[in-house]
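**Q** So the sequence lines, in the order shown, correspond to chains A, B and C. Mapping of the first sequence onto the UniProt record's numbering: residues 1 to 99, in sequence order. Mapping of the second sequence onto the UniProt record's numbering: residues 1 to 123, in sequence order. Mapping of the third sequence onto the UniProt record's numbering: residues 1 to 110, in sequence order.
Careful, some of the hints might be misleading.
For lysine-lysine, the following DSSO-like pairs were computed, each having C-alpha atoms within a straight-line distance of at most 30 Å [to be verified]:
1) C/95 x B/59
2) C/8 x C/30
3) B/7 x C/30
4) C/73 x B/80
Because the hints were derived from the structure by calculation, they are not lab data. Note that this is a predicted model, so its numbers are computed, not measured.
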Amino acid sequence: MLHIVNKSPLDRNALDTCLATAQPGGALLLIEDGVYAATNGNAAAGKLKQAMGQMKVYALKPDLEARGMADRALEGVTLVDYGGFVDLVTEHATCQSWL
Amino acid sequence: MSEGQIKKFMYVNRKAPHGTIYALESLEVVLIAAAFDQDVSLAFMDDGVYQLKKGFNTKGIEVKNFQPTYRALDDYDINKLYVEKEALEARGLTQEDMCVPVEVLSRAEIGKLMETQDVVLSF
Amino acid sequence: MAIELNGKSYDTDEEGYLTDINEWNEDVAKVLAQNENIDMTEQHWEVINFLREYYNEFQIAPAVRVLTKAIGKKLGPEKGNSQYLYELFPYGPGKQACKIAGLPKPTGCI
């Protein structure tokens with residue numbers, strides 16, 4: 001299934017709970033303030049890297065760009081545009097938004 | 001709706017009860033959707049476990065006390081309520097603090113159940 | 001909208017439901033019933049009182065399916081069926097009985 005996180009990992013626990021709940025083989029899409037987790041130097045980058053061993057991680061590029069963080073995207077994170085966002089949602093049978 | 005169309009719905013609740021409208025909205029959606037005879041379960045994670053902390057008294061804040069309504073869920077044939085173990089522990093709560101019968105599961109166990117759903121609704 | 005009765009005014013919404021459940025009393029219930037063309041009998045009151053108890057306990061007006069089942073449990077199977085309830089409240093026990101009982105429109109009642 002697809003997990004979506006839209007909160008900054010340093011402000012809210014959405015990413016932590018998501019990573020502890022998600023089962024191997026799933027996918028994670030970071031959007032809005034959630035994209036900060038996928039940037040070099042962020043305190044959450046470590047656990048995100050660890051998660052990449054279990055699941056595919058995506059981040060919405062327009063959100064990284066809007067925050068001036070596109071050039072700091074973490075290696076291994078696949079950047080997608082809005083079309084890619086839609087594709088991810090349709091490719092997965094279910095989706096949980098960690099609001 | 002015919003037997004063959006029964007789908008598994010999970011409502012995931014992660015917000016404390018009164019600070020936002022999520023808890024009440026989720027409960028209303030659950031009750032409305034109950035008319036469709038689906039296989040419904042409710043998961044309470046993170047601050048969502050506070051929704052079930054028994055003993056709400058909302059007189060002072062002048063909002064409706066919707067906690068008694070959780071006890072009506074059984075009348076609506078909704079009796080699969082899962083509560084996150086880690087969330088209870090982090091908040092000094094136990095199963096005895098819950099206002100309705102629940103099953104306490106780890107995050108990973110809830111995650112596994114989530115994978116078996118046809119529809120997951122997030123609140 | 002409002003119902004004027006014995007020198008007191010009871011606010012209702014555009015569908016005729018009492019705005020404040022705490023203002024309810026049997027006299028205003030009779031007016032609400034008249035507006036629905038219902039002559040209140042003992043059987044009607046039984047359902048109305050059941051609904052009010054249910055609301056007090058659970059803070060919701062039950063869906064018809066739930067009401068039917070719960071009435072069957074409490075008052076017996078001859079009353080816990082939709083035919084009996086629709087005979088008493090032809091336009092729907094959920095809608096009409098809740099209105100007369102002073103409750104909000106049942107959650108999930110479209």
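**Q** Are the hints correct? Go through all of them and say.
**A** Here is what the structure says about each hint:
Between residue 95 of chain C and residue 59 of chain B the CA atoms are separated by roughly 28 Å; this keeps the pair inside 30 Å, and the hint holds. Using a Cα cut-off of 30 Å, the hinted pair residue 8 of chain C and residue 30 of chain C holds, with the two alpha carbons roughly 15 Å apart. Our distance criterion of 30 Å between C-alpha atoms is broken by residue 7 of chain B and residue 30 of chain C, whose separation comes to about 43 Å. At roughly 22 Å between alpha-carbon atoms, residue 73 of chain C and residue 80 of chain B fall within 30 Å of each other, so this suggested pair holds.
Violation of the numbered hints given earlier is confined to hint 3; every other hint is satisfied by the structure.
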